[in-house]
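Trainee: Sequence:
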Amino acid sequence: MKKIILSAFILSTLLGCGSNSKIVIPSYSAPKEWHKIEQLKHEEQSSSYLSFAINPSLTGYPSSMNTDEKSGLSKELIQQTISQLTAVRFITIEPIYELSLVKLDMGVDAFSYKQNDKERRAYIKTTFSLSKGSEPILVKSYSEKEFRYSKNGLDLPNKQEILAQLSESVVSQFISDISPTKTNQLREFLSLPSSLSHVVDAAKRGNFQSAINDMESSSADKDLNFYYNLAILYEAEASKKEDIVLAEKAMMAYEKSISKGGDAVKLVVSSKNRFEKYYRLLQTIKDQRSQNQQRKDEIDSQFLR
Numbered sequence: 186m187k188k189i190i191l192s193a194f195i196l197s198t199l200l201g202c203g204s205n206s207k208i209v210i211p212s213y214s215a216p217k218e219w220h221k222i223e224q225l226k227h228e229e230q231s232s233s234y235l236s237f238a239i240n241p242s243l244t245g246y247p248s249s250m251n252t253d254e255k256s257g258l259s260k261e262l263i264q265q266t267i268s269q270l271t272a273v274r275f276i277t278i279e280p281i282y283e284l285s286l287v288k289l290d291m292g293v294d295a296f297s298y299k300q301n302d303k304e305r306r307a308y309i310k311t312t313f314s315l316s317k318g319s320e321p322i323l324v325k326s327y328s329e330k331e332f333r334y335s336k337n338g339l340d341l342p343n344k345q346e347i348l349a350q351l352s353e354s355v356v357s358q359f360i361s362d363i364s365p366t367k368t369n370q371l372r373e374f375l376s377l378p379s380s381l382s383h384v385v386d387a388a389k390r391g392n393f394q395s396a397i398n399d400m401e402s403s404s405a406d407k408d409l410n411f412y413y414n415l416a417i418l419y420e421a422e423a424s425k426k427e428d429i430v431l432a433e434k435a436m437m438a439y440e441k442s443i444s445k446g447g448d449a450v451k452l453v454v455s456s457k458n459r460f461e462k463y464y465r466l467l468q469t470i471k472d473q474r475s476q477n478q479q480r481k482d483e484i485d486s487q488f489l490r
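Count along the sequence shown from 1, then add 185; that gives the number in the numbering used here.
Just so you know, these hints were derived from the structure itself, not from any lab. There could be a bad hint or two in this list.
Computed list of lysine to aspartate or glutamate pairs in DMTMM-like fashion (alpha-carbon distance at most 25 Å, straight line) [unchecked claim]:
{"hint": "1", "residue 1": "389", "residue 2": "428"}
{"hint": "2", "residue 1": "426", "residue 2": "448"}
{"hint": "3", "residue 1": "389", "residue 2": "399"}
{"hint": "4", "residue 1": "434", "residue 2": "386"}
{"hint": "5", "residue 1": "299", "residue 2": "346"}
{"hint": "6", "residue 1": "226", "residue 2": "399"}
{"hint": "7", "residue 1": "288", "residue 2": "228"}
{"hint": "8", "residue 1": "260", "residue 2": "353"}
{"hint": "9", "residue 1": "260", "residue 2": "399"}
{"hint": "10", "residue 1": "426", "residue 2": "346"}
{"hint": "11", "residue 1": "471", "residue 2": "302"}
{"hint": "12", "residue 1": "260", "residue 2": "472"}
{"hint": "13", "residue 1": "367", "residue 2": "304"}
Here are the in silico distance ranges between beta carbons for each label pair [stated by the list, open to error]:
{"hint": "14", "residue 1": "260", "residue 2": "444", "range": "52 to 58 Å"}
{"hint": "15", "residue 1": "399", "residue 2": "455", "range": "44 to 50 Å"}
{"hint": "16", "residue 1": "328", "residue 2": "449", "range": "44 to 50 Å"}
Idealized CB from N, CA, C, for every residue including glycine.
Hey, can you work out the whole structure from these sequences and the hints?
Mentor: Next up, the structure:
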């Protein structure tokens, strides 16, 4: 997804020109339309699941679009929506549009595509509409532009590739409104004793558990720096594995750092606050996946027997 790639690029740039004691860890961003998503839930005795069906046909096109453009955009928008939803699994996809209580309809409001030997220019504006029964819950428009230039006319994307890129972008905007999305965050270590300086290098290589083991077995002074750095490592490993138990250990380490004077250190306080938001969001994601599983099992039993 473009958003994740861009975030990683920015963070890697920061790392390249800043301190050597920083690492990038995976994280989630919360959906922007929480209150709307709550209205989409199916309330049952044993669960409160989130699911909707996708209209296999787009609801509208500009008259200027030809048949290939309509077909190509329809396919790309639907495939991207399915792909990006299943990447997080916060929302389950219903198999039959006509039988679903909650439905997603997509339409193309505007589209243009121009090309010559050296350029590709394209623009799309779409509307995504989520409804529950006859009641519209979320109706929003999203737009995107693509411009590619090559002095010698080589390595330019073809039209289908441009359609795919436009579709990925507008769907990403929609998904960020209705579902948590994967992203990256930057964490900075406080100073470590020389006997533990190697854990930063291990963390940079993604060997968070190895770094945790070395910290836990160390005889170094267990001061606020120690517990803060340990919290970062547990947070990184918890985020990597989406593991609540490891996240709880990160929380305990952050709290120990605070109790040892970390409440007076801006970096400790800000990192703990960001982690607490992630921790609550991860709990919500895990809980929603669990509740959705009952509905997914029902779908599988009906349609995959």
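Trainee: Now tell me, hint by hint, if it's right for this structure.
Mentor: Now the hints, each set against the structure:
no., hint, result
1, 389 to 428, "holds, 20 Å"
2, 426 to 448, "violated, 28 Å"
3, 389 to 399, "holds, 15 Å"
4, 434 to 386, "holds, 22 Å"
5, 299 to 346, "holds, 14 Å"
6, 226 to 399, "violated, 45 Å"
7, 288 to 228, "holds, 16 Å"
8, 260 to 353, "holds, 11 Å"
9, 260 to 399, "violated, 50 Å"
10, 426 to 346, "violated, 33 Å"
11, 471 to 302, "violated, 50 Å"
12, 260 to 472, "violated, 31 Å"
13, 367 to 304, "violated, 32 Å"
14, 260 to 444: 52 to 58 Å, "holds, 56 Å"
15, 399 to 455: 44 to 50 Å, "violated, 26 Å"
16, 328 to 449: 44 to 50 Å, "holds, 47 Å"
Hints 2, 6, 9, 10, 11, 12, 13, 15, counting from the list given before, are not met by this structure.
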